[in-house]
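S.K.: Order-wise, the sequence lines are chains A and B. Here numbering that gives the first Met the number 0 is used: the first residue of the first sequence is 0, the next is one more, and so on. Here numbering that gives the first Met the number 0 is used: the first residue of the second sequence is 0, the next is one more, and so on.
Quick caveat, the hints were computed from the structure, so don't treat them as lab data. Wrong hints could be hidden among the right ones.
Said to hold, decoys possible - Taking CB as the label site, the calculated pair distances span:
| id | chain 1 | residue 1 | chain 2 | residue 2 | range |
| --- | --- | --- | --- | --- | --- |
| 1 | B | L93 | A | Q76 | 47 to 55 Å |
| 2 | A | H105 | B | G61 | 24 to 32 Å |
| 3 | A | L14 | B | S98 | 12 to 20 Å |
What the hints assert, rightly or not - Computed footprint of chain A on chain B, listed as stretches where at least three residues anywhere in the stretch have a Cβ under 8 Å from a Cβ of chain A:
| id | region |
| --- | --- |
| 4 | 69–78 |
| 5 | 81–90 |
A virtual CB, placed ideally from N, CA and C, is assigned to each residue, including glycine.
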Amino acid sequence: MIAVFGLVVGVVAGLVLQPTVPAELQPYLPIAVVAALDAIFGGVRAMLDGIFDDRVFLTSFLSNVIVAGLIVFLGDQLGVGSQLSTAVVVVLGIRIFSNAAAIRRHLFKA
Amino acid sequence: MTARPPGPQDAEPLPGPAAHAEPAPVPAAGRRPDASMTLLTEVDRSPLDPGYALVAHRRATGEKGRRSPARAAVLLVTAAVLGIGVTAAAQTLLQPAASAQQARDVLESSIVERNDAVAALQQDVEELSAQIAALQSRLVGDADGPLRAEVEAGAVQAGQLPVSGPGLVVRLSDAPAAVVDDPEDPARVQDLDLQVVVNGLWAAGAEAIAINDQRIGPTTAIRSAGSAVLVDLVPLTNPYRVEVVGNAPALQTALTQGDVGELLGALRATYGIGVDVSAQDSVSLPGAGQATLRYAEVPDGALPEPLVSPTARATTDPGTLREQSVSPSPPAVAASTPDAPGAGADDEGSGS
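Could you put together the complete structure from these sequences and hints?
M.R.: Following this line, the structure appears as structure tokens:
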């Protein structure tokens, strides 16, 4: 629960402080946000499954964002940035969908 | 590719114990039907990080103890940093889209506005030139036959009326190797080339010339601006079609001899510019429309007095008109707009 609390504090702080993102990081932002969404959906599902763990949640969150950014960076260097971005979005999108479906089953029993 | 032919082969020894009798639940042996899409299955079936299950298992077996306060603090800080990062990312993604959209909207509306203004002005121009033409034809209609013929001949020479007749079509096109963005590339057709060709054609007795449907009149300039060749300030694009009405054999000879012939030969041989000359039975050239009247004069005092005033009315701006009507009018009336002292006269009234 401490991770969720920290995340909420971070989001509120971000909204209040309005930090700016360095221009070099801007190409990776969309993928990073999708990766973060994936981690959040996974966390919610784990919570409903009763196996939520702060450390696992934060580790998966962090590694998701970093790996997604890294893949896009690598793709940009190789000249296939947009294709790799698509691949990342597809994989993460499928995961988000199935996690969302699991959450839905938990909440509505259907 | 891998479609197996039905029949005997199926009964033949399939590798592994799964081939016979009951469908074996052993996952390790034999090919699963969806073996070719394990990646998708993996993504779809186990979207939850396995770490959660692992930790839950450890906790259940009592391997994991309570966490220390220091560790909790680290978790809290990491979570807060991640939260700030994600929020910042999301806001950055939202913002530029909004400002770019705003700028786009402003540009879009100003483009539409200007386009409307241009269309309105264009319509004004059309209406006014129709008025001028009507007034002129009324004026000429009053006059006797020879004067009308003279005016019409003058209008043809000045490039105002559409013309058709036998003639030539000269096609100049950029070399295939030409660099499109480089206005100085000699492999592109330059304004100078067109000037030389047009002047050569005039010298050879051409009666009317048009380039890409832009009629060349006495005051038409052929210039270049950036990568475009302007004829009468209208930008033209490659290929350039120079259409000429005139004596085709004479014109053709002029294009193969002298300076013009030399230039065309050099263009073709040195730069690879396409030069194609063909005689035509009938070439139709558009008129350039109404020209601005800058100088007018009544020939030899021949016109009766009442006609002097309408001439001025039809062809000058109101300011000059007022001065004109006040001053006692001598037999010859000269009207010139102040913006063009000494400019070449678009002569349609100055017959001699």
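S.K.: Now tell me if each hint is right for this structure.
M.R.: Each hint, compared with the structure:
no.	hint	verdict
1	L93(B) / Q76(A): 47 to 55 Å	28 Å, violated
2	H105(A) / G61(B): 24 to 32 Å	27 Å, holds
3	L14(A) / S98(B): 12 to 20 Å	19 Å, holds
4	69–78	holds (count 6)
5	81–90	holds (count 10)
Checked against the numbered hints above, the structure violates only hint 1.
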